[in-house]
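The listed protein sequences derive, respectively, from chains H and S. Under this note's numbering, the first residue of the first sequence is numbered 477, with each subsequent residue one higher. Under this note's numbering, the first residue of the second sequence is numbered 20, with each subsequent residue one higher.
Honestly, I wouldn't trust all of these hints.
Cβ-Cβ distance ranges computed for the label pairs, FRET-style [what the hints assert, rightly or not]:
| id | chain 1 | residue 1 | chain 2 | residue 2 | range |
| --- | --- | --- | --- | --- | --- |
| 1 | H | PHE512 | S | ILE232 | 42 to 48 Å |
| 2 | S | PRO83 | H | VAL507 | 33 to 39 Å |
| 3 | S | ARG44 | H | VAL591 | 54 to 60 Å |
| 4 | S | THR235 | H | GLN745 | 44 to 50 Å |
| 5 | S | LEU139 | H | PHE580 | 44 to 50 Å |
| 6 | H | SER562 | S | LEU71 | 43 to 49 Å |
| 7 | S | VAL64 | H | ASP566 | 50 to 56 Å |
| 8 | H | LYS560 | S | PRO569 | 43 to 49 Å |
| 9 | H | ARG687 | S | TRP508 | 57 to 63 Å |
The hints are simulated quantities; they were obtained by calculation from the structure and are not laboratory data. By construction, the Cβ of each residue, glycine as well, lies at the ideal position given by its N, Cα and C atoms.
What follows is each chain in one-letter form.
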Amino acid sequence: MVERTAQPAGLGRGFWAYTAILTLVAIVSIVFWYVFPLERYLPAAIVTARQVDTLFRFMAATGSALYVFIVGYLVYFAIVFRAKASDAPDAIGIQIHDNRKLEFWWTVIPVLFVVLLSVVSVRIWYEIELEPANGLVVEAIGHQFYFSFRYPQINGEVTDEMHLPLNVPVTLNLTSADVIHGFWVPAMRLKNDTVPGLVTSIRFTPRLAGRYPIICTQFCGVEHSEMDKQILVIEDKDSFDRWYKGWQQKNANASNALPGAGGAAISLQGGDAAAGKLLFSQKCTACHKLAPFNQTLVGPGLEGVLHDSNHPNLVNGQAANPADVASILENGYTGSMGAMPSASSNGLSPQDIANLVAFLNTLK
Amino acid sequence: MAVAALHSGGIADHIHPEPQGFVRRYVFSLDHKIIGIQYLITGFVFFMLSGLLAEAIRTQLLNPSGGFVAPGTYNEVYSVHGSAMVWLVVIPLLTGGFGNLVFPVQIGARDVAFPWLNMLSFWIFPVAGLMLFSSFLMGAPTAGWMEYPPISLQGAAGTSMWCAAIFLVGVSSTITGINFVVTILKMRAPGMTFTRMPLFVWGQFATAPLLMIATTALAAALAALFIERQFGVPFFDPTKGGSPVMWQHMFWFYSHPAVYIMILPAFGIISEVLPTFARKPIFGYKLIAFSSMAIALAGFMVWAHHMFTSGLAPFLQLPFMIITYLIGVPTGIKIFSWTATLWGGKIHYTTAMLFAIGFVGLFTLGGITGIFLAAIPFDLHVHGTYFIVAHLHYVLIGGSLMGIFAGMYYWFPKMSGRLLNETLGKIHFWLFFIGFNGTFLPMHWLGVMGMPREVATYDPQFTFWNRFESVSSYLMTFAILIFFVNVLWSIRYGKRAGANPWGARTLEWQVPSPPHYYNFKHVPTVYGLPYDFSQPLPYSGLEEELTDSPPPVAAGAH
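Full structure from sequences and hints, please.
Right under this line is the structure:
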């Protein structure tokens, strides 16, 4: 038996010399990932993008070093221990079954690495999650096949570009008018799906001015591939304000635009909730349910419209408040979110509107 | 004593005569080996079809503006490509195919526990496959293999056909899972304890419960989607009170374990091929077997790592991230053990061995990028991009498919009695290896730089690498063509293999190639692990297997 068994090669000089070479290659690959100018190829448009890059560099560096060793030894053993022509045809290898010490360490070291990686990634995850929640609130709504954007003081939707001011924290609320889309700005290293019937939000702070593509990453229909043409513009406060005023002006002039906050002239004093409830069942239930907003008939469910902080903004882009609800009841709405008749075509008197708002205010 | 009594006769040696007609022998066969071959043939036919779809995808992406097929057709093509590769190719080849062909012989059983169920589970499979491909006639599904509602609710009639087809494949998988679990638990030869089972059997033993348990979640999801599409019951449509995210939970509760269904049997194949050709015991047998079971169990606890962008509560995401990291530990143990198996060996470079070593190298890369994707902050960047496409193909081609090829070169004698041609095999390996890396390696950086998946057109800045990938994919397809030529040629003209051409030590190599109907003249007794090359074979009762003596036919056999 002994003569057809290979002599134990041990871990001779060749092995350790080779290990030294692998170590060198591993170090080079680690250095490579830490000096690689990622931002030259993909700018870091928001503060946390750089944290994501830090995590990526850490994983790429440790991953490459690990890969260098595994493939390095795989190739080395495959060459050194090949059967040679001089071997007996029935030559066999060294009959070892295991090595407790080795197996112990290659179980324990990866576990320790998992702990380290968990700490690193949870910390970076925290920095993304802890972005301030009281920033500029913007909404992005997925449509087949574009995103529309809504701003607090702009009536109606902005549908060409999304503008954000530099260094101002942003809360971006995402939802969809039809199917699931993915809102991704590669330069932000951040994405989230826009899910119909669900409002999710991401928070971030722009740090670098520029024009960055917004790309849909969730298959949404036949023109999904074309849904990568819109642009996120990050610019200084002055340019942003000019752009913002321009849109306010434009939408205020548009024929179907609604008066903004404070523009509604209807007195809401003396609204009778009981009368409003009766009126709701006569005039409104064809299109609206008394259910969470995602339970749509024609329009959204209205339960908690004035109280639920998760309720998305109204169709005019305003956070729901009694005055704006009244103005929508008065003027109706026609736009990309659908259509609602005005008070005159619905046969609502100003008192009716006050009653309805009072009723909606009781829905919590 | 009980062991010896069982071995020398009694119920275990009750052999029915082999059926004679062509139909009972080769079409509606009850023999697990024939059923295994049926699975392999059917699976490879579907592999060719969905491989052609893959080439249609790569041809479309030669130009940033597409132009090979219309975008709508393109969406149908990649959706059916993904669905077919997962459900009609990789899963059936590894479980129904190699599982049926090999593991009952490896545990010294005469057949699986339920041969009729086995036949049923096979015959559901081609029917379901034809249904899936027939969906092209009525407008195939377009929303990828995941078919997220609500977009899948808008799909043409073929999407309902897709639901029905995948549901049927699921039934077939579930039956196979039950059959394999019972067979391994109840039908091992005397002395074949759990710690003496070959590692391929361990791979199947870890996979079978996944087939049984996880597939039921998929079946429920598919039934709901089908009912919603056909009868309007709102499970997933948010405008009627349904929840689109619920589909994602149910789908991934199946589809993450399915990832392990597609890789654990391939781990098993590699764990057989490496020791055989290194002429060495597998390193760390117990830890490899244990880690398969650990991966299978943990596989049920990580599904939401596919859903970090779906709007889950942030704190719920953390455990999914960390448990996914932890799966890297048992997987790493396997990779280290395979590498260590080569140390001190006498390595024979057959094609099967090349594929096995290639598997370790490529699967490791796919495993490492899997850790990247589990990290929530990085996943929020690359989710839904070509980085994912690269990762999953490194795992499914560099892993599962390389394992399937290793298994084909290794066990072809047990199907046909002949060897596959080694020269063609080595050409196949090297062209495939180069073509594969050329196709999928650049996808990593395309994804990081901003190329989303499932697109028919793309940003012109990515043109160069997409063309590079398409040309590489043609090379890969050419290599696979060589493989098919090799198989067809070798069935007729290949070198006769004899019982044990590789000097392997598991039970299937101690009986003729192909094994007799009912596998063993006498059920053997097992005394130890098969992998120690310095010891005599740990079996008794095999003396007559390679002689001409007739098998004992029990009195009263019908």
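A quick look at each hint next to the structure:
no. : hint                            : result
1   : H:PHE512 / S:ILE232: 42 to 48 Å : holds (44 Å)
2   : S:PRO83 / H:VAL507: 33 to 39 Å  : holds (35 Å)
3   : S:ARG44 / H:VAL591: 54 to 60 Å  : holds (58 Å)
4   : S:THR235 / H:GLN745: 44 to 50 Å : violated (60 Å)
5   : S:LEU139 / H:PHE580: 44 to 50 Å : holds (46 Å)
6   : H:SER562 / S:LEU71: 43 to 49 Å  : holds (47 Å)
7   : S:VAL64 / H:ASP566: 50 to 56 Å  : violated (40 Å)
8   : H:LYS560 / S:PRO569: 43 to 49 Å : holds (44 Å)
9   : H:ARG687 / S:TRP508: 57 to 63 Å : holds (58 Å)
The structure fails hints 4, 7 (numbered hints given earlier, in ascending order).
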